[in-house]
Structure formats: C-alpha cells, structure tokens
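Engineer: Construct all of the structure, not just a fragment, from the sequences and the given hints.
Line by line, the protein sequences are chains A and B.
Under the working numbering, think of the first position of the first sequence as 135, with each following residue one higher.
Under the working numbering, think of the first position of the second sequence as -4, with each following residue one higher.
Please note that the accuracy of each hint is not assured.
Said to hold, decoys possible - Below, simulated SDA-like cross-link-like pairs (lysine to any residue); rule was C-alpha separation at most 25 Å, straight line:
hint	chain 1	residue 1	chain 2	residue 2
1	A	K263	B	T(-3)
2	A	K212	B	S5
3	B	K211	A	Y240
4	A	K230	B	L27
5	A	K236	B	R(-2)
6	A	K153	B	R(-2)
7	A	K229	B	T(-3)
8	A	K153	B	S213
9	A	K263	B	I209
10	A	K290	A	G261
11	A	K229	A	R248
12	B	K211	A	G307
13	A	K229	B	N73
To be verified - Label pairs and their computed distance ranges (CB to CB):
hint	chain 1	residue 1	chain 2	residue 2	range
14	A	F257	B	S184	23 to 29 Å
15	B	L34	A	N175	53 to 59 Å
16	A	K256	B	R83	25 to 31 Å
17	B	S5	A	K324	42 to 48 Å
18	A	H211	B	T(-3)	52 to 58 Å
19	A	N175	B	L190	39 to 45 Å
20	B	S179	A	Y222	52 to 58 Å
21	B	F185	A	E218	24 to 30 Å
22	A	L251	B	F0	49 to 55 Å
23	B	E212	A	L154	17 to 23 Å
24	A	L154	B	F185	32 to 38 Å
25	B	S5	A	R291	32 to 38 Å
26	B	S5	A	E191	43 to 49 Å
27	B	K208	A	G287	21 to 27 Å
Claimed, not checked - Residues of chain B clear of chain A, computed beta-carbon distances all greater than 12 Å:
hint	residue
28	N82
29	F91
30	L108
31	I157
To be clear, the hints were calculated from the coordinates, so they are not data collected in a lab.
We put the beta carbon where it would ideally sit given N, CA and C, even for glycine.
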Amino acid sequence: MSKEYLLEVKNLSCERNYKLIFDNVSFKLCSGGVVLINGNNGSGKSSILMCISGILEYKGLIKINKKYNDKIGYVGHKNALCEEDTIYEYLTFWKKIYNYKKDFNYVINFFDLRKYLEIPIKFLSFGQKKKLSFLRLQMIKSQIWLLDEPISGLDKRTRSLIINLITKHIEKGGGVIATSHQIINLRKVKNIMRVKID
Amino acid sequence: MTRLFILLLSREVKGYLFNTNKSWFALGFFLLCILIFPLSLGGSEDLLKKISISSIWICALFANLISLESLFKEDYKNGTLLQYHINRIPFFIIVFTKFICHWLFTGFPIIILSPLFLIFLSGSYENILGLFYSLLIGTPLFSLIGMPISALTLGSAARGPILVFLTIPFFLPIIIFGVLSVNSFSSGSFSEYYLLCAILSIGIIFLPYITIKILKESLE
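Structural biologist: So, in structure tokens, the structure goes:
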C-alpha cells in the first residue's frame, strides 16, 4: 500500500530578477520519505525550499496535505542565531515561540551541548551552530523538514548525529526535503527520491 | 497573540537594555550633540536662548536617525525574520514591538530629559511644557517614519548614508511643525499640535503596514 503524501510539488518554476531559476520541478514527499535535491551551485536548490516555505513567489502547485500538521521546519544558512544570546536564552526563546511543552534536556545531551549552555552563540563553532539549529528544529511540531545543505562543512561525528536525527524523524512518519551537493548517507531510509536540478 | 506580543516585546527590551549599540549609543549621541551648541556659541546667551528649542529638536532627530540603522538589521542578518515568516508569526506584532521599543529607548528618554536641557541651553521656563508635549507627539513619528525606510535599505551595501538621505526629507515636516508648536504654545495656539496628532494617527495605521510589506519583500 502506498503511503500518504505530506507535500506535493507540481510543475514548479521560479523567477528571480526576471531570470528563470528552475522550471517544471515535480515531486511528492510521502510520510516516512526523503526527497534529495541535487544540483550545482546556483542551480536553484535553495530557491525550491524557499518557494515551499512561502518566502519566494512561484508558478505551479505546492500542496500540503491538510490531514497532517502544516507547520514547516526550516534549517538553512541563516538560522536565527542571535550572536549575543547564550544557548540557553536562544533555546528558551524558541521553546516559548513554538509552545514546546517538553524539556529540551534530552536534545541538548544528544548534541553534547550541555557544557556550553551559558556561552554566547558568537563563541560557538560552525558545527555547534548547526547543531543548535537542529535543536530548534526539534521543537517545531512539524512533519515536514526543509534542510538546506544540512551536512556541508561538518565533521564526521556531527554529520552522523544529524543523519541519525533525520532518520529518527523519518521513522516517526515525518518527511524531509534536503538539498545537497554532497552525498547524504541515509542507509536506514528506504523511501528516498532524488531530484536533479540543472 | 498576546503571549507572542509579550514574548517578542521582552526580547526586544532585553536587547535594548544589554546591547549598548542599540539604546545607550543614541542617548549618548543626543547628550554630546546638545553639548556642542553652548560650546560653539561661546558666551552668547541670547542666541543660545533663541535656538534652544530648535537645537533640542535637531539633536532628537539625529539621535533617532542613528538608532534607526539597527532597527531590523540583526534580525534580518541572522535570519530571525526569515524564521518568523516561515513559522507564521504575524509581522504586525514584530513591527509594533520594534516600534514600541525604539521609541521607549530613544524617544522617551529624550522627552524626559528635554526640560533639563532646555534650562541648560538658557531656554525659557514657559516653553518647558510646550516642548514636552511636542516631543511626546514628534518622537513616535520619527520612529514610525523611520521604520519603513530602515526596512527598505536592509539589503543595501551603503545602508548608513542611504538611510540618512532618505529619512531626513520625511523628518523635515515633523521638525518644522514641532518647533513651531512650541513657539505658539505660550500664545495659546495649538494648531501645530493638532496637525502633528493628525499625522501621528494616520502614521500609526499606515506606516507599520507599509513596513510589513517591505520587510516581506526584503526576505526574498
């Protein structure tokens, strides 16, 4: 039996500054599935995610299944990390924004960030900032995750942590649309669809 | 909605209290600017008395102007605005919290300090109340008018100079009617106050709306 779709994209095209970025992109994201968007730099991978998240105007159809929660979790290049805030302040603020009732201790330990809780974000490394963005993502009760280059620039350990997190989300019935020009090794995930953007 | 408003407002207030660039810099600039007038005019007390109201207004204008630069800058740069948009947080809450805090930390201290500086600049005691009322109406207008222009220049490389060139022409009517209102207050005429109030009432409805539109466009 085929799984129900979370999101459907049909004949999507996008123009920026009167220039066609991509044209005729179609795919379906199913519950427990991953859509991997590959392409060279500037091919419009991030723009597809921006269209889905409602930032960019587009032509075509983007349909979110109303049976599911229509919230979208987005991790991109800019992740709302206020440099002056400490990790604790950042997490507390977004916890309140998302109305997340659970304790975030488990995810903090998962990412090994406990000892840095009182440190301002400006002192964190690129990888630690990425982990923090995924921590925020955990608080959004969303089925659909949009991940823009989720593992680029990360070491092996952080990469496997993030891949584990993605796998867990998929196992729970969520869906992920990720862009990357690297290979994302999602061995445990069976339902992977690859979309190539030229 | 109220929960979100309180949450965003408390974050903004915290940002203004602990980020020196945001609030104390504008107030410090105002104090230094005021100090220049008596120093540059030497001992000419009569001249100082004549220009006391205008100089307070000019200093208030520039203090507001320099603080406008940081209004949306950080939230735009670090992607907070983008996340607000994706998570469907109403932009009118964001814009109104920004406006309230900007006025509270740049306009309001100037209003409170203005009687003191009027006396410091040898101004007339009769004008204290008039100046207080005119700044009370005028400084929120500075924040309101500055908001869409600050949002408009977000992506620009030469943001500072562009912001100054675009904002000052819109501030001119406020400063003209503001100074005139103080001068006519003692004679019992309030027409300029009414005009400023009318601009404020229109501005508080339309300018946040324009700011929201520009902010959403700037995210693209």
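Engineer: All the hints need checking, so say for each whether the structure fits it.
Structural biologist: Outcome of the hint check:
Our distance criterion of 25 Å between C-alpha atoms is broken by A:K263 and B:T(-3), whose separation comes to about 30 Å. Pair hint A:K212 plus B:S5 holds up; C-alpha atoms about 23 Å apart against a cutoff of 25 Å. A hinted pair counts as satisfied when its Cα atoms are at most 25 Å apart, and B:K211 with A:Y240 does not qualify at roughly 35 Å. About 40 Å separates the Cα atoms of A:K230 and B:L27, which puts this hinted pair outside 25 Å; it is violated.
Pair hint A:K236 plus B:R(-2) holds up; C-alpha atoms about 18 Å apart against a cutoff of 25 Å. With a C-alpha separation of about 42 Å, the suggested pairing of A:K153 with B:R(-2) is violated against the 25 Å cut-off. The suggested pairing of A:K229 with B:T(-3) holds, with an alpha-carbon distance near 16 Å, which does not exceed 25 Å. For the given pair, A:K153 sits about 18 Å from B:S213 by alpha-carbon distance, which is consistent with the 25 Å threshold.
Restraint check for A:K263 and B:I209: not satisfied, since their Cα atoms lie roughly 29 Å apart, outside the 25 Å limit. For the proposed pair A:K290 and A:G261, the alpha carbon gap of about 11 Å is at most 25 Å, so the pair holds. Between A:K229 and A:R248 the CA atoms are separated by roughly 16 Å; this keeps the pair inside 25 Å, and the hint holds. Distance restraint check for B:K211 and A:G307: the Cα-Cα separation of roughly 32 Å exceeds the 25 Å cut-off, and the hinted pair is therefore not satisfied.
Of the supplied pair hints, the one linking A:K229 and B:N73 holds, its CA atoms being roughly 18 Å apart against a limit of 25 Å. At roughly 58 Å, the beta carbons of A:F257 and B:S184 sit outside the given window of 23 to 29 Å. Range check, B:L34 to A:N175: Cβ separation about 56 Å, and the 53 to 59 Å hint holds. The hint said 25 to 31 Å for the Cβ distance between A:K256 and B:R83, and at roughly 28 Å that hint holds.
Remark: the range hint 42 to 48 Å for B:S5 to A:K324 is upheld by a beta-carbon distance near 46 Å. Here the CB-CB span from A:H211 to B:T(-3) is close to 33 Å, at odds with the stated 52 to 58 Å. For the pair A:N175 and B:L190, the beta carbons lie near 55 Å from each other, so the given range of 39 to 45 Å is not met. As the Cβ distance of B:S179 to A:Y222 is approximately 54 Å, the hint placing it in 52 to 58 Å holds.
Distance hint check for B:F185 and A:E218: the Cβ-Cβ separation is about 44 Å, which falls outside the suggested range of 24 to 30 Å. Checked against the hint of 49 to 55 Å, the pair A:L251 and B:F0 fails, with Cβ atoms roughly 27 Å apart. Roughly 20 Å separates the CB atoms of B:E212 and A:L154, a value that falls within the hinted 17 to 23 Å. Judged by the Cβ atoms, the range 32 to 38 Å given for A:L154 and B:F185 is violated: they are separated by roughly 59 Å.
At about 36 Å, the beta-carbon gap between B:S5 and A:R291 stays in the expected band of 32 to 38 Å. In this structure, B:S5 and A:E191 break the distance hint of 43 to 49 Å, their C-beta atoms being roughly 34 Å apart. Range check, B:K208 to A:G287: Cβ separation about 35 Å, and the 21 to 27 Å hint is violated. The beta carbon of B:N82 is not kept farther than 12 Å from every beta carbon of chain A, the shortest such distance being approximately 7 Å.
Listed as a non-interface residue, B:F91 keeps its Cβ farther than 12 Å from every Cβ of chain A; the least gap is roughly 17 Å. At the 12 Å boundary, the C-beta of B:L108 stays outside the reach of chain A, the nearest C-beta of that chain being 27 Å off. With a cut of 12 Å on Cβ distances, B:I157 stays outside the contact zone with chain A, its closest approach being about 20 Å.
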